[in-house]
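Please build the complete structure, drawing on both the sequences and the hints.
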Amino acid sequence: RKEVEQDPGPFNVPEGATVAFNCTYSNSASQSFFWYRQDCRKEPKLLMSVYSSGNEDGRFTAQLNRASQYISLLIRDSKLSDSATYLCVVKGSSNTGKLIFGQGTTLQVKP
Amino acid sequence: EPEVTQTPSHQVTQMGQEVILRCVPISNHLYFYWYRQILGQKVEFLVSFYNNEISEKSEIFDDQFSVERPDGSNFTLKIRSTKLEDSAMYFCASRGTRIGTDTQYFGPGTRLTVL
Chain S
1 RKEVEQDPGP
11 FNVPEGATVA
21 FNCTYSNSAS
31 QSFFWYRQDC
41 RKEPKLLMSV
51 YSSGNEDGRF
61 TAQLNRASQY
71 ISLLIRDSKL
81 SDSATYLCVV
91 KGSSNTGKLI
101 FGQGTTLQVK
111 P
Chain C
1001 EPEVTQTPSH
1011 QVTQMGQEVI
1021 LRCVPISNHL
1031 YFYWYRQILG
1041 QKVEFLVSFY
1051 NNEISEKSEI
1061 FDDQFSVERP
1071 DGSNFTLKIR
1081 STKLEDSAMY
1091 FCASRGTRIG
1101 TDTQYFGPGT
1111 RLTVL
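Residue numbers (the numbering used here), protein chains in the order written: chain S, 1 to 111; chain C, 1001 to 1115.
Since the hints were derived computationally from the structure, they do not count as laboratory data.
Each hint should be verified, as a subset may be incorrect.
[Claimed, not checked] Which chain S residues stay away from chain C? Per the calculated CB distances, all over 12 Å, these:
1. 13
2. 52
3. 54
4. 69
5. 84
6. 111
[What the hints assert, rightly or not] Computed list of lysine-lysine pairs in DSBU-like fashion (alpha-carbon distance at most 35 Å, straight line):
7. 79(S) x 1057(C)
8. 1083(C) x 91(S)
9. 42(S) x 1057(C)
10. 91(S) x 1078(C)
11. 2(S) x 79(S)
12. 2(S) x 42(S)
13. 2(S) x 91(S)
14. 1078(C) x 2(S)
15. 42(S) x 110(S)
16. 1042(C) x 79(S)
17. 1083(C) x 1042(C)
18. 1057(C) x 1078(C)
19. 2(S) x 1057(C)
20. 91(S) x 79(S)
21. 1042(C) x 42(S)
22. 110(S) x 1042(C)
23. 45(S) x 91(S)
24. 79(S) x 110(S)
Every residue gets a Cβ at the ideal spot worked out from N, C-alpha and C, and that includes glycine.
Rendered as structure tokens:
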């Protein structure tokens, strides 16, 4: 089983749509979870951390289900500028802080 | 806003040559990382560095790779004898030390092309 698994997509949605991405992770000892955004040939940029209680930042909502080892990201009212690859990221169980990345889910928002 | 910088942005080299990729982490950070991303694949951890020594390395980080913090600002990744399969984007990242700070900030990357 992959350490962090995502549906690669692509997800093609119209502007204004709501889209949800899912991710599973294999190590139940993982403690920290993130969604990063990556534009083509650019560096990953932190979109948001994911907390057990769920958290929201504007149009973006992240949820964590520790029992199912499942993380989600919901984007409401999609904008053209949301087109990117969304990376599900888990901090490794060692104390070095290394990050383990999923392969990413590609979102294309169309006018 | 402080940021991680990397040079060069693109490096082309011949197979068997040595390359050094340079990074300047955010100034008050103490944890440093190198990751790589082969075209079309996921980002992979290479090595973490803290207190002037490697704290963890992946299977990819074999004897051909080394890291160094030669002064108070630079953090370098050296590949001694490059192979075709080393062609990838190499990202440097750094992290602060405040308790609860897990966020890693990534540099813009160096695209390494091995011919």
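Now for the hints, and whether the structure bears them out:
1. For residue 13(S), the non-interface assignment is confirmed: its Cβ lies about 22 Å from the closest Cβ of chain C, beyond the 12 Å cut-off.
2. No Cβ of chain C approaches the Cβ of residue 52(S) within 12 Å, the least distance being about 14 Å, so the stated non-interface status holds.
3. For residue 54(S), the requirement that its beta carbon stay farther than 12 Å from each beta carbon of chain C is met, with the minimum near 18 Å.
4. Consistency note on residue 69(S): stated as away from chain C, and its beta-carbon is indeed over 12 Å from all of that chain's, at 18 Å minimum.
5. Even its closest Cβ contact with chain C, about 14 Å, leaves residue 84(S) beyond 12 Å, as expected for a residue assigned away from the interface.
6. No Cβ of chain C comes within 12 Å of the Cβ of residue 111(S); the nearest lies about 27 Å off, and the non-interface call holds.
7. With a CA separation close to 39 Å, the supplied pair residue 79(S) and residue 1057(C) exceeds the 35 Å bound.
8. At roughly 29 Å between alpha-carbon atoms, residue 1083(C) and residue 91(S) fall within 35 Å of each other, so this suggested pair holds.
9. About 24 Å separates the Cα atoms of residue 42(S) and residue 1057(C), which keeps this hinted pair within 35 Å; it holds.
10. The hinted pair formed by residue 91(S) and residue 1078(C) meets the criterion: a straight-line CA distance of about 25 Å does not exceed 35 Å.
11. Restraint check for residue 2(S) and residue 79(S): satisfied, since their Cα atoms lie roughly 31 Å apart, inside the 35 Å limit.
12. The suggested pairing of residue 2(S) with residue 42(S) holds, with an alpha-carbon distance near 24 Å, which does not exceed 35 Å.
13. As the CA atoms of residue 2(S) and residue 91(S) are separated by approximately 14 Å, the hinted pair is consistent with the 35 Å bound.
14. With a C-alpha separation of about 29 Å, the suggested pairing of residue 1078(C) with residue 2(S) holds against the 35 Å cut-off.
15. Among the hinted pairs, residue 42(S) with residue 110(S) is consistent with the structure: their alpha-carbon atoms are about 21 Å apart, no more than 35 Å.
16. In summary, the hint linking residue 1042(C) to residue 79(S) is supported, as the alpha carbons are separated by about 25 Å, within the 35 Å threshold.
17. Of the supplied pair hints, the one linking residue 1083(C) and residue 1042(C) holds, its CA atoms being roughly 19 Å apart against a limit of 35 Å.
18. With a CA separation close to 14 Å, the supplied pair residue 1057(C) and residue 1078(C) stays within the 35 Å bound.
19. For a cut-off of 35 Å, the pair hint linking residue 2(S) to residue 1057(C) stands: about 19 Å separates their Cα positions.
20. The suggested pairing of residue 91(S) with residue 79(S) holds, with an alpha-carbon distance near 29 Å, which does not exceed 35 Å.
21. Using a Cα cut-off of 35 Å, the hinted pair residue 1042(C) and residue 42(S) holds, with the two alpha carbons roughly 13 Å apart.
22. With a C-alpha separation of about 25 Å, the suggested pairing of residue 110(S) with residue 1042(C) holds against the 35 Å cut-off.
23. Of the pairs offered as hints, the one joining residue 45(S) and residue 91(S) holds, with about 15 Å between alpha carbons and a cut-off of 35 Å not exceeded.
24. Restraint check for residue 79(S) and residue 110(S): satisfied, since their Cα atoms lie roughly 8 Å apart, inside the 35 Å limit.
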